[in-house]
Amino acid sequence: MIREFGKYLFYFVVLILAQLLIFNNIEFSGYVNPYVYVLFILLLPFTTPRIVLLISAFALGLIIDLFMGTPGVHSSATVLMAFSRSSVMALFSPREGYQSGTYPRLAEFGLEWFVKYTVMLVLIHHFALFYLEVFSFHHFFSTLFRAFLSSVLTSLIIIFSQYFVFRK
Amino acid sequence: MRNLLRFIIQHHFLILFLVIEFFSLFLLISTNSYQKVQFYNASHKLTGGISNRMENIGDYFSLHYENRELAEENTRLYNRLKSSYSLALADSVLPGDTAARRKYNYLNTRVINNTVNKQYNYITLDKGKNTGIGPDMAVINNDGIVGIVKSVSDNYASVLSLLNRNFTVSAKIKKNGYFGPLSWNGNNTGYATLVDIPHHVEIAEGDTIVTSGFGGVFPEGFLIGTIGSFRLKGGNYYEIRVKLSNDFRKLNHVQVIYHLEKTEIDSLENVAAQ
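Respectively, the protein sequence lines represent chains A and B. Per the numbering used here, the first sequence runs over residues 1 to 168. Per the numbering used here, the second sequence runs over residues 169 to 442.
The set of hints was computed from the structure by calculation and includes no laboratory data. Small disclaimer: the values here were computed from a predicted structure and weren't measured. Ideal Cβ positions, reconstructed from N, Cα and C, are used throughout, including at glycine. Treat the hints with caution; some may be incorrect.
[Stated by the list, open to error] Each pair of labels, with its calculated beta carbon distance range:
| id | chain 1 | residue 1 | chain 2 | residue 2 | range |
| --- | --- | --- | --- | --- | --- |
| 1 | B | Glu373 | A | Ala59 | 38 to 44 Å |
| 2 | B | Asn242 | A | Phe145 | 42 to 48 Å |
| 3 | A | Phe135 | B | Asn242 | 41 to 47 Å |
| 4 | A | Lys116 | B | Phe190 | 48 to 54 Å |
| 5 | A | Ala18 | B | Pro387 | 39 to 45 Å |
| 6 | B | Val363 | A | Met89 | 37 to 43 Å |
| 7 | B | Leu193 | A | Ile51 | 56 to 62 Å |
| 8 | A | Ala18 | B | Lys418 | 49 to 55 Å |
| 9 | B | Val363 | A | Phe145 | 21 to 27 Å |
| 10 | A | Phe5 | B | Arg236 | 24 to 30 Å |
Working from the sequences, and respecting the hints, build out all of it.
Set out below in structure tokens:
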């Protein structure tokens with residue numbers, strides 16, 4: 001239990017650092033910004049109490065907000081994503097359901113499941129994030145385009161990371 | 169009462185979600201400038217030290233580039249030394265001469281936080297109120313203009329970057345002096361848009377765009393960029409795409425400009441407006 005906690009705390013810190021030091025510096029002409037830190041929410045085990053899920057999502061978003069100087073933008077998007085996680089899991093649940101002792105990983109549920117799970121949640125997060133950041137529907141289509149492209153990039157990075165970093 | 173408790177227990181997850189989400193949205197919506205400044209100050213207290221350290225590490229990667237910049241700056245300063253002028257000119261104006269009024273003062277500061285990938289980008293500087301920085305001061309570096317100081321805490325200053333949709337500066341075409349407002353359209357970090365240039369003005373790609381000095385924040389004649397492309401909008405005015413001379417992804421050392429006579433100009437204009 002304690003070891004599990006330590007492991008996820010490690011993921012938490014590493015993902016925040018990776019976001020601030022590496023992924024914030026990636027952008028293609030201001031259109032595409034990957035927000036890979038949401039991988040933390042994707043990785044939390046199935047058995048995580050939902051309250052812990054929401055609170056850790058809020059903490060994650062708030063820390064990113066503090067560093068990027070955007071009060072509330074990342075925290076509300078991340079909390080929304082954490083809230084939708086159980087519904088998305090139910091939507092894509094395999095025929096035999098989620099067995100106890102398994103983790104939401106590519107290695108355990110296969111590429112197709114992981115891609116659906118990742119893309120769905122990343123889309124929810126990014127659309128909330130980009131519209132909250134602009135905070136108007138004035139540039140509706142350009143925001144839509146930016147959110148879509150960034151979602152694609154974030155999802156790609158997350159899926160590749162499963163092959164290289166979280167390999168079991 | 170019991171029913172209410174049961175309801176809360178049954179839906180505790182949804183209720184907690186709504187509470188946290190509304191709290192986050194409250195943070196976001198309270199865009200009241202006072203609260204924004206408070207948030208910046210609080211977050212600078214928390215993250216300023218860490219940002220500083222990260223920036224210190226980041227500095228090593230740009231040492232090569234910075235060295236070249238400094239060398240170029242040195243050359244430019246050498247060129248301005250008294251010994252670089254002919255005798256007649258050197259005699260007419262001396263640095264520190266009381267007859268020549270000093271109008272601007274420059275302060276070198278370092279960027280400790282900078283974003284370019286948002287619609288409303290801000291830059292954080294490592295000096296603040298304690299060194300005399302205040303709101304509405306211009307920020308430049310060797311390559312051109314950078315932004316305008318928006319709010320200050322004791323040791324840090326938050327700068328509205330040129331790459332912010334709320335940023336506008338009065339810019340002019342250097343060769344003929346026609347001026348108009350220049351702003352960023354949120355798409356490409358390398359370009360800004362200059363409008364309101366009448367269609368009879370002769371312009372060409374590559375023409376230099378500099379600050380006009382109107383508006384009182386930026387002194388006249390600081391480089392903004394060059395004309396990348398232009399088109400007629402509505403038949404009467406050009407919409408010019410300006411290629412920015414500054415690479416905002418590489419900002420490191422910037423200068424804050426103190427306009428020593430700004431209060432005098434402002435009060436005069438206020439009196440005239442009444």
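A quick look at each hint next to the structure:
1. Between Glu373 of chain B and Ala59 of chain A the CB atoms are about 50 Å apart, so this pair departs from the stated range of 38 to 44 Å.
2. Between Asn242 of chain B and Phe145 of chain A the Cβ separation comes to about 45 Å, which falls inside the hinted range of 42 to 48 Å.
3. For Phe135 of chain A and Asn242 of chain B, the Cβ-Cβ distance of about 45 Å falls inside the hinted range of 41 to 47 Å, so the restraint holds.
4. The given range of 48 to 54 Å is broken by Lys116 of chain A and Phe190 of chain B, whose C-beta atoms sit roughly 30 Å from each other.
5. For the pair Ala18 of chain A and Pro387 of chain B, the supplied restraint of 39 to 45 Å holds, since their beta-carbon distance comes to about 41 Å.
6. Judged by the Cβ atoms, the range 37 to 43 Å given for Val363 of chain B and Met89 of chain A is violated: they are separated by roughly 50 Å.
7. Take Leu193 of chain B and Ile51 of chain A: their Cβ atoms lie about 20 Å apart, and the range 56 to 62 Å is violated.
8. For the pair Ala18 of chain A and Lys418 of chain B, the beta carbons lie near 21 Å from each other, so the given range of 49 to 55 Å is not met.
9. Restraint check, Val363 of chain B to Phe145 of chain A: a C-beta distance of roughly 23 Å satisfies the suggested window 21 to 27 Å.
10. Taking the beta carbon of each, Phe5 of chain A and Arg236 of chain B are about 48 Å apart, not inside 24 to 30 Å as hinted.
The structure does not agree with the numbered hints 1, 4, 6, 7, 8 and 10 stated previously, though it agrees with the rest.
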